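Participant: Starting from the known structure of chain A, fit chain B onto it as the hints suggest.
As you go down the protein sequences, you meet chains A and B in turn. Position 397 (the first sequence) corresponds to 397 in this note's numbering; numbering is contiguous. Position 291 (the second sequence) corresponds to 291 in this note's numbering; numbering is contiguous.
FYI, nobody ran anything at the bench for these hints, they're computed from the structure. Mixed in with the good hints, there may be bad ones.
Claimed, not checked - Okay, derived cross-link-like pairs now, BS3-like style, lysine-lysine, Cα gap no bigger than 27 Å in a straight line:
1. Lys-124(B) <-> Lys-31(A)
2. Lys-71(B) <-> Lys-102(A)
3. Lys-83(A) <-> Lys-124(B)
4. Lys-195(A) <-> Lys-213(A)
5. Lys-102(A) <-> Lys-124(B)
6. Lys-83(A) <-> Lys-126(B)
This one's a predicted model, so the numbers in the text were calculated from it and none came from an experiment.
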Amino acid sequence: MTTTINLTEKAPEGAPKRDDNAPLLEIKDLKISFTTGAGLVEAVRGVDLTVYPGQSVAIVGESGSGKSTTAHAVIDLLPGTGKVTAGSITFDGRELVGLDRKATEYLRGRDIGLVPQDPMSNLNPVWRIGTQIEEALVANGFQGTKAERRARVTELLGEAGLPDGDRRALQYPHEFSGGMRQRALIAIGLASRPKLLIADEPTSALDVTVQKKILDHLEGLTSELGTAVLFITHDLGLAAERAEHLVVMYKGKVVESGPALDILKNPQHEYTRRLVASAPSLASRRIQSAHEAGRSAEEQIAGHEVKVDGAAPKDVVVAKDLTKVFRIRGARPGSHTNFTAVDGIDFVLPRGKTLALVGESGSGKSTAANMVLGLLEPTSGSVVFDGQDTATLSGREQFAMRRRVQPVFQNPYGSLDPMYSVFNSIEEPLRLHKVGTRKQREQRVRDLLEMVALPASTMRRFPNELSGGQRQRIAVARALALEPEVIVLDEAVSALDVLVQAQILQLLGDLQGELGLSYLFITHDLAVVRQIADLVAVMKDGRIVEHATTDEVFDDPQQDYTKELLAAIPGGSLEIGAA
Amino acid sequence: MLWYIGRRLLQVIPVFLGATLLIYGMVFLRPGDPVAALGGERGLPEAVQDQIREQFHLNDPFFVQYLYFLKGIFTFDLGPDFSGRPVAETIANAFPVTFQLALMALAIETIFGIGFGLIAGMRKGKFFDSTVLVWTLLLIAVPTFVLGFVAQIVFGVQLGWFPVTAGRDPDFESLLMPAMVLAGTSMAYILRLTRTSVAENLTADHVRTARAKGLSRSQVTNRHVLRNSLIPVVTFIGADLGNLMAGSIVTEGIFNINGVGGTLFESIIRGENVTVVAIATILVLVYIAANLLVDLLYAVLDPRIRYA
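Chain A on its own, in the form it takes in the complex (with noise of 0.2 Å):
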């Protein structure tokens, strides 16, 4: 009695047996070209990978590097013109490249499933999350009455760490938060079981301690359920931590891949090193040279202070039981709810450092902020500015004041006005402040730019010419424009890569120490608060729970509540020994 029965689903044409140590996924010299306007654009130069069963392998790089679209083309996804030009990919013993539209429909999500990046836009609005998940379901052969899909779809969401999932199922995506929407879409990533899950940026939109709860989550069900896991991330510390093997792309081209911890301490290429030696998350614990700059530039400024203003007050903002109050308009005309974002917080922005305000998204750091730049109105308490307190300020004294509080904000693609040039957007502070004549405004706007490291020619360009880093530095510039003294940082270096991202803390802290700034950062990266502040305010549902120097707070945190955000910093828990 020889007769084999496959037991297994009718899989399309020749599927060969499977060994264990056969890859699940193999890449050879793939190459991805776009076509634009200019003519072909290689995004992906010649990319090979392997990802064996039950394995998980990261792809780390900055944006650009062609990371997502190398697993982007594995389920044949490409955006817009992309098309693979040269190369291979099999996934268990079959070719990919060229499969027909059917039998990718088929692969798709039954084979192989995807955790997409921004969980705010995943999901389609106009569906309820139990019905986008259940068309997952019977998509890929999911045989039941409604019931059983009802009950399957629950159990679904349980395990993707959504309990009470009969309810869930029948809310909307915009009743979710971005963590609970993240969960949602794992339930449907793995909803059938593949053999395979792309993770592209599963959790850079969220909060550090979501982060971590999702990855944990996301790492126990992949572990339990044997799933290969191929994550794509710009985060070296996360993709270090949470994969056994890391593939570093850069322009399109693999540089580096190995074992993550051998990368990590012993790296070979040289953007590797740099990638490396600027990652916040690792180097949190051992980078001291920016926080070093920022001390000696502390002694630039007691002299500096001595010079320009013996009489000033050393604490340059003071908030004192800060507070606002939302109303919220309720179901019922005339019926409201009020909504406390800040509570009575106290914090202290001494002349010339940096004071960062720390909280997970809620908790009230960027209403905070707002009040501190006079954009919003205290429902009480005080923001003293300069020894004056600024509620008292008629019109006038305010428009002067504004000229020394200047913002920095997230995302340099929403703050600069893409009809705007970049002389424009920069000269428009010193032309609504009415300094100097048309001349000198050019000259200045020069200097900015200088200052900020960027050419003078870039003046007679626009937005959208420029990548995100440099985009952040001409809002710097813009901000720096009218010589204010303090400067309000909301999330400025959040959306950026981490090696630009390390350029632009770099240059703000050289600035510092040159222009003698003060800094209020606002920010949900802890990792980032070690290498430029040396004051911490620990924000939690509109309170602050700890106020004190950086170094006691890495060193000594006193609330449970901070230990859980340094706990949550990715990669914080290896130990590195590269120089």
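Facilitator: Leaving out everything else, chain B in the frame of chain A:
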């Protein structure tokens, strides 16, 4: 939700009063004496003219006349027009055919606009898309009356596919060509709107997620592209119902249909103020109702919108 509908219905009151007052005012200010014109070349005797003026309150001041009009509206008795025929009857005769015409046009523009728009959006930049874009541009550029006459000559006279004019008590078939002409411009707009919306939605992240789930192309299109794309289109269609009723004035003239358009036109010429204002008011109310309906439909299509 009920609060919302209630509030919207309350808004109808000031809109109604404002619209009627405005239209009544404009008609009142119109130069010329309708009563003097009644008798034609020879004119009516003074005494008869005075009697008519008395009967229709034409000697009263403007606001008194307006109040008489409001009384007529609320008692559902607008009285007779100059020829003795009840105004209500004139209106009741005119509206059904125009309503049918507008609904047919609405159906045509919705089906073809969304259908072709969807295909064009999915094949953006390809042959079908480019062809359709040129045709819609043409439809938008050519005035409705030109389109009407051309259709009459080509499809009515030369090819003989449709009746040239509709005439009294038109049936479905004879209204088909007028409805198509009436729908033309709006269809072009709906098509373009759908096309842009679909093309934009196709590149949305959630559509990629839907494809990554393993859904087939038609499932992705129907469930994740089309529904999301329809949200802006629905707004347009609702606002357009009002335009169709108004636009029918030209179309009805061309195809000789005795609907609201013709009636309104004649009433303006004859100075039948009450009829003119009544018809205009009904059009305003239809417009308001259509917009309310659209706003409610909006909430059905997009669960993020909840009215409170």
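Participant: Determine for every hint whether it applies to the structure shown.
Facilitator: Hint-by-hint comparison with the structure:
Restraint check: the Cα-Cα separation between Lys-124(B) and Lys-31(A) comes to about 26 Å, which is no more than 27 Å; the hinted pair holds. Distance restraint check for Lys-71(B) and Lys-102(A): the Cα-Cα separation of roughly 69 Å exceeds the 27 Å cut-off, and the hinted pair is therefore not satisfied. Proximity of Lys-83(A) to Lys-124(B) is assessed by CA-CA distance (about 18 Å); at most 27 Å being required, the pair is judged to hold. Under the criterion of a C-alpha separation no larger than 27 Å, the hint pairing Lys-195(A) with Lys-213(A) is consistent with the structure, at around 23 Å.
A threshold of 27 Å between alpha carbons decides the hint, and for Lys-102(A) with Lys-124(B) the separation of about 23 Å falls inside it, so the pair holds. About 18 Å separates the Cα atoms of Lys-83(A) and Lys-126(B), which keeps this hinted pair within 27 Å; it holds.
Of the numbered hints listed earlier, the single one contradicted by the structure is hint 2.
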